Amino acid sequence: MTDKPKLKRQQMCDRLAMEFQDGWIVNLGVGMPTLCSNYVDPSKDIIFHSENGVIGYGPLAPEGEENPHLVNAGGQNVTSRPGMAIVHHADSFSLIRGGMIDVTVLGAYEVSENGDFANWRIPVRKGGGIGGAMDLAACAKRVFIAMEHTTRDGKSKLLHRCQLPITAPGAAKLLATDLGLFEIGPEGFVLREYAPGWSPDEIQDLTEAKLVIPDDLKAFRFRDSC
Amino acid sequence: MKNKIYPNFDAAVADVPDDITFMSPGFGNVGVPRNLLAALNRQGAKNLTGISNNAGAVEDRVQIGILVEARQIKKMICAFTAPTHPSRITPFVEMYNNDEIDAELVPQGTLAERIRAAAAGIGAFYTPASVGTELAEGKEHREINGRTYVLEYPLPADYAFIRCWKADTFGNLQFRLAQRNFNPIMAMAATVTIVEVESEIVEVGEIEPDHVHVPGVYVDRIVKIPPDGIFD
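Here the protein sequences line up with chains A and B, keeping their order.
Each step along the first sequence adds one to the number in my numbering, with nothing skipped, and position 141 is 141.
Each step along the second sequence adds one to the number in my numbering, with nothing skipped, and position 18 is 244.
Chain A with its partners taken away, still in its complex shape (with noise of 0.2 angstroms):
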């Protein structure tokens, strides 16, 4: 193992929200992935959507403006922004289901090269934490990955086939690790992007899943060089 510095989750989530389009619908998955939204082009507006029917809420609350009325998937409390909708839990879903979700930005505990990713159970407990990852999955257009690399055990996390039960087979297209950036496409993981410092070998190193390494890989990309 080498301890030479890695991604921040900040750095992963905001290299993500990079790829997010002007007026995209972006659902954004409780814990890393909430950094997402910290994340802001001016050029671009967002419309950021939660599972309990806000659509269209604006950044966190400051401490002492929470209102108790409004918060985000995760519990957080945030703001309202104009242009703001509220809908009942199960337009919300219509919403999701429906096609409406232009990104949704998950956490994994595995991702497999065809796609298939794990976000839902562990082994060590019975039952799950499912919440609305298998309907986002299945539903929206396209599905981002934010997670580690490797576990804290040093074991990757980008397999050939997932060991863990799946919350939606073949739906991860683009994953930010703390190494670089990575595409899933009919070949498997592709390394679009390597952490400063790392070279292919040695990210292949620490991955499971054979990667592809494309002639035009690049750079990571930082949120101060766009």
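Hints were generated in silico from the structure; no laboratory data involved.
One or more hints might be untrue.
Here chain A is said to cover these stretches of chain B; the calculated rule only asks that three of the stretch's residues, wherever they fall, bring their Cβ under 8 angstroms from a Cβ of chain A [unchecked claim]:
id: 1; segment: 259-267
id: 2; segment: 326-339
id: 3; segment: 353-361
Just so you know, these numbers come straight off a predicted model, no measurement behind them.
Cβ atoms here follow ideal geometry from the backbone N, Cα and C, with glycine treated the same way.
With chain A fixed as given, assemble chain B onto it according to the hints.
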């Protein structure tokens, strides 16, 4: 027009029998019928089946977890049977792992749609959510226009405990922002719908028909949260 106001929460839940199925809305701590759950806890009905997004949280505030902890619930139907963060071990998680409570895990959108289907008199529906996963195993699948769906059935309840912002004496309801979540569909899907009201209960006619989120025809009992009630 029938006046549905009850004097207090204990009176509103006094006749809830054992063995019933109930719905309890709320999402991210907003729109939780805390006063009614507290009253049901005092009332002591047992062997209940609960339908809710979560099976309880790690916190001091009143939520469905108090009924789980008091062993009033035999089964939960919900979108989380394990915590999103592994360190948050709720009483439900411990009991579920020890086989002391039963549970059915349902994807959140399927949960909402099953409730809506019960309210809407729909016999069953097909959804693409969960196809290809463990949660779809054993269920009827059908290919429709080239896409695979899984069959899901409605989820009715005997009682719904509801939290709203404002009501009139007939039970027309209004919600505030994200408080709405599961509240309207649960209010419409249960046989008996009991509502706790945050701000005020106004005379019939004072809420504009266009501003009603749940029509009073679905609502049976309403209680204003008193100054010493649970507001947060």
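Okay, the hints, checked on the actual structure:
1. 259-267: violated (count 0)
2. 326-339: holds (count 9)
3. 353-361: Check passed, 9 qualifying residues.
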